[in-house]
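K.L.:
Sequence:
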Amino acid sequence: MSNVNFNPKVNQQAPLRQTGSVAKKESAQKTEPTTNQPSANVGESVTLSATPVKAEVVAPAKTEAKAEAPAAPKVENTAVRDTGTEPIVVLDAAGPSGKAEHNSEIDGFLTKFLPDSAAAKDVGTVTQNQFNFDRGTEVVSSAQKFIIPVPTFSETGGGEDLVYPEGAKDGDGKSIGGQPITDWKGNPIGGPGEKGVVFFNHKDQSYQAVKADGNGVVILNQVTDEQGKKLQDKIGKDPGKLSLQEFKGALEYAHSDLGVGDMYNSDRDFIKSKMNAMENSETGVPQYGLHRRDDRDVCHAVYVEGQGEFKGPAATPQKFENGAVLLRQPNSKADDGFSYRLIQPDAFKETYTNKNGTAIELDKMETQEPKPIKDNGTITQAGMNFDEGAKVVSGAQKFIIPVPTFAENGGGEDLVYPKGATDKDGNSVAGQPITDWQGKPIGEPGEKGVVFFNHKDQSYQAVKADGNGVVIMNQVTDEQGMKLQEKIGGDPGKLSIEEFKGALEYAHSDLGVGDMYNSDRDFIKSKMNAMETSETGVAQYGLHRRDDRDVCDVLFVEGKGEFQGPAATPQKFEDGAVILRQPNSKAEDGFSYRLIQPDAFKETYKNKDGSEIKLSELPRHE
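Position one of the sequence shown corresponds to residue 1 (the working numbering), numbered consecutively onward.
For the record, the hints were derived by calculation from the structure and aren't laboratory data.
Be a bit skeptical, because a hint or two may be false.
[Said to hold, decoys possible] Okay, the calculated beta carbon distance ranges per label pair:
| hint | residue 1 | residue 2 | range |
| --- | --- | --- | --- |
| 1 | G410 | D589 | 15 to 23 angstroms |
| 2 | D170 | R620 | 27 to 35 angstroms |
| 3 | E138 | G420 | 23 to 31 angstroms |
| 4 | R620 | P583 | 16 to 24 angstroms |
[What the hints assert, rightly or not] Okay, derived cross-link-like pairs now, DMTMM-like style, lysine to aspartate or glutamate, Cα gap no bigger than 25 angstroms in a straight line:
| hint | residue 1 | residue 2 |
| --- | --- | --- |
| 5 | K560 | D225 |
| 6 | K234 | E305 |
| 7 | K572 | D510 |
| 8 | K525 | D510 |
| 9 | K487 | D436 |
| 10 | K333 | E535 |
| 11 | K614 | D336 |
| 12 | K274 | E305 |
| 13 | K195 | D267 |
| 14 | K272 | D363 |
| 15 | K229 | E282 |
| 16 | K391 | E612 |
| 17 | K371 | E138 |
| 18 | K272 | D257 |
| 19 | K374 | E282 |
| 20 | K371 | D225 |
| 21 | K248 | E166 |
| 22 | K614 | D387 |
| 23 | K169 | D575 |
| 24 | K237 | D213 |
| 25 | K483 | D510 |
| 26 | K374 | D423 |
| 27 | K560 | D510 |
| 28 | K586 | D550 |
| 29 | K527 | D423 |
| 30 | K494 | E558 |
| 31 | K572 | E617 |
| 32 | K364 | E305 |
| 33 | K169 | D269 |
For each residue, glycine too, the CB sits at the ideal point set by N, CA and C.
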């Protein structure tokens, strides 16, 4: 083909740490030919030829040189890349104008000849557990941030539902519009019926949510004095008087009119303990206006190359396209004493300094590859040494529903896997008998009951309708318990199978209670006490709490996998799990075993001495 000029910027597709024009300049300078001769400069054109094997490179001209200046002498340099053919590239000097000629039609074609490393490395979804922050770069924040306290919106019912808006999608591209907004652990941001504000962080391309409980705030990052003044003018002297529409309008104004798109949720306690109000913009309202982080608060930062998403505190994972900085900052309220978040590299450079006050240089930061998440596959209690486990007792309220015999409709439904159920290999098991972890059918041939889904563990459960079965719902508040009682009525034994399953669905969809599992009346009688505040008058029905004298043993399993225990299908876990052994006189070895998701375990159990559980201190099962 004839010689064709093209835009050499296609050579700059590899991930760069530096941003803007600096990054492009450095990229061009670091592209070295196979000899010690100088490389082509950005702005010079490249000509593709059919036969030559030599690359003719014009020595870089000084930026101040004028068009009429004499051309620099040519130097020959051989540049060969082994692709199985003879790649022929001739680099010519830029034209008299000093500008590179550009042909858009060939740019896409030429990218095919770039090395595979030119494409940004895809690291997928990462979490803080895949990095060693103790080795991270020590940094302090220097950025001005604008804090807006979230009103209670008492006149409008407390704000909006904390659900994903229409059009929101999960990591697989499936619609999640209308579903409760969850954190990175899968827990709803707010409790059942709690309201607040849902907004979008344009910097990270992720949804955020904040409760309207009087403690929530929204932090806007990298706000100048001028932008802060305009925001104050927009909001007014008292942000607590804003309606929901006015509050969201202020956030939209910050993005569309002021160019502030990096915004995220926090709370007043954090602002009080970690930030100082700027003296030049005092608002007279606590935790409102321009603030700056306390420079004594040293954080640790790790640089991650490539593209992917960070599953952290945001309602949806924070996305990054060309590298990211993961920040660990002290947080006394967190289990391990820290909180974690992603910061885009350009924003990080502008808002943080090294501990000694010098400017951040991204290429000198601690850089880490994410450690692979340990895949445990399918595990059972066999081989676990619970005698070395932590001693814990339950402190959670649970709602107990006795399972009716369903005498009027033949004893309930067949104890078989429902349509759509699959085994761990993805093979359909629909219509097959539901089995326990030992592979034994839950019921005897012809026995019936109820099949239901534990949304917490993503597993099917089954319970027999033999007059002894119950369903336990975990982490149920007094308010939720009252609503459940109203839904079920005074006598759960009168429920039809449809009504019973409707009550379970109501608990999940309307009340946000998704952790439910099977048990029996004998266990409830021996191990639980009914709550005096919610006596139902029906044995083993209503709010109960475990007997604190019933000491259990637990082990923590790191990584992901599934636990083959009492559930009809294995209980899945993605970021660690707690395996619990509790006394059970009816079991062959005197114990029963089950998986509890780490966040639920923390909220529902305590140490034997009554102190708060710290997941990081639990004994590990390797």
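K.L.:
All hints are to be evaluated individually against the structure, with a verdict given for each.
P.N.:
Quick rundown of the hints versus the structure:
1. In this structure, G410 and D589 break the distance hint of 15 to 23 angstroms, their C-beta atoms being roughly 35 angstroms apart.
2. Hint check: D170 to R620, Cβ distance near 30 angstroms, so the stated range 27 to 35 angstroms holds.
3. Checked against the hint of 23 to 31 angstroms, the C-beta distance between E138 and G420 comes to roughly 51 angstroms, which is inconsistent with it.
4. With their beta carbons about 23 angstroms apart, R620 and P583 fall inside the hinted range of 16 to 24 angstroms.
5. The hinted pair formed by K560 and D225 fails the criterion: a straight-line CA distance of about 46 angstroms is larger than 25 angstroms.
6. Using a Cα cut-off of 25 angstroms, the hinted pair K234 and E305 is violated, with the two alpha carbons roughly 39 angstroms apart.
7. Restraint check for K572 and D510: satisfied, since their Cα atoms lie roughly 24 angstroms apart, inside the 25 angstroms limit.
8. Pair hint K525 plus D510 does not hold up; C-alpha atoms about 29 angstroms apart against a cutoff of 25 angstroms.
9. For the hint pairing K487 with D436, the CA-to-CA distance comes to about 30 angstroms; that exceeds 25 angstroms, so the pair is violated.
10. Simply put, K333 and E535 have alpha-carbon atoms about 34 angstroms apart, too far for the 25 angstroms limit, and the pair is violated.
11. As the CA atoms of K614 and D336 are separated by approximately 7 angstroms, the hinted pair is consistent with the 25 angstroms bound.
12. Under the criterion of a C-alpha separation no larger than 25 angstroms, the hint pairing K274 with E305 is inconsistent with the structure, at around 29 angstroms.
13. Restraint check: the Cα-Cα separation between K195 and D267 comes to about 15 angstroms, which is no more than 25 angstroms; the hinted pair holds.
14. This hinted pair does not check out: K272 and D363 have alpha carbons roughly 34 angstroms apart, beyond 25 angstroms.
15. Between K229 and E282 the alpha-carbon distance is near 11 angstroms, which keeps this suggested pair within the 25 angstroms criterion.
16. Among the hinted pairs, K391 with E612 is consistent with the structure: their alpha-carbon atoms are about 12 angstroms apart, no more than 25 angstroms.
17. For the hint pairing K371 with E138, the CA-to-CA distance comes to about 21 angstroms; that is within 25 angstroms, so the pair holds.
18. Distance check on the hinted pair: K272 and D257 sit about 29 angstroms apart at the alpha-carbon level, beyond 25 angstroms; violated.
19. A C-alpha spacing of about 49 angstroms is found between K374 and E282, which places the hinted pair above 25 angstroms, so the restraint is violated.
20. Restraint check for K371 and D225: the C-alpha separation of about 41 angstroms exceeds 25 angstroms, so the hint is violated.
21. For a cut-off of 25 angstroms, the pair hint linking K248 to E166 stands: about 16 angstroms separates their Cα positions.
22. For the hint pairing K614 with D387, the CA-to-CA distance comes to about 19 angstroms; that is within 25 angstroms, so the pair holds.
23. About 21 angstroms separates the Cα atoms of K169 and D575, which keeps this hinted pair within 25 angstroms; it holds.
24. Taking the CA atoms of K237 and D213, the gap is near 20 angstroms; set against the 25 angstroms cutoff, the hint holds.
25. For a cut-off of 25 angstroms, the pair hint linking K483 to D510 stands: about 10 angstroms separates their Cα positions.
26. Between the alpha carbons of K374 and D423 the distance comes to roughly 21 angstroms, so the proposed pair stays at or under 25 angstroms and holds.
27. With a C-alpha separation of about 29 angstroms, the suggested pair K560 and D510 falls outside the 25 angstroms cut-off, and the hint is violated.
28. Annotation: proposed proximity of K586 to D550 holds, straight-line Cα distance about 15 angstroms (limit 25 angstroms).
29. At most 25 angstroms may separate the alpha-carbon atoms for a hinted pair to count; K527 and D423 exceed this at roughly 33 angstroms.
30. Of the supplied pair hints, the one linking K494 and E558 is violated, its CA atoms being roughly 44 angstroms apart against a limit of 25 angstroms.
31. For the hint pairing K572 with E617, the CA-to-CA distance comes to about 22 angstroms; that is within 25 angstroms, so the pair holds.
32. For the proposed pair K364 and E305, the alpha carbon gap of about 13 angstroms is at most 25 angstroms, so the pair holds.
33. Our distance criterion of 25 angstroms between C-alpha atoms is broken by K169 and D269, whose separation comes to about 32 angstroms.
Of the numbered hints given earlier, the model fails hints 1, 3, 5, 6, 8, 9, 10, 12, 14, 18, 19, 20, 27, 29, 30, 33; all others are met.
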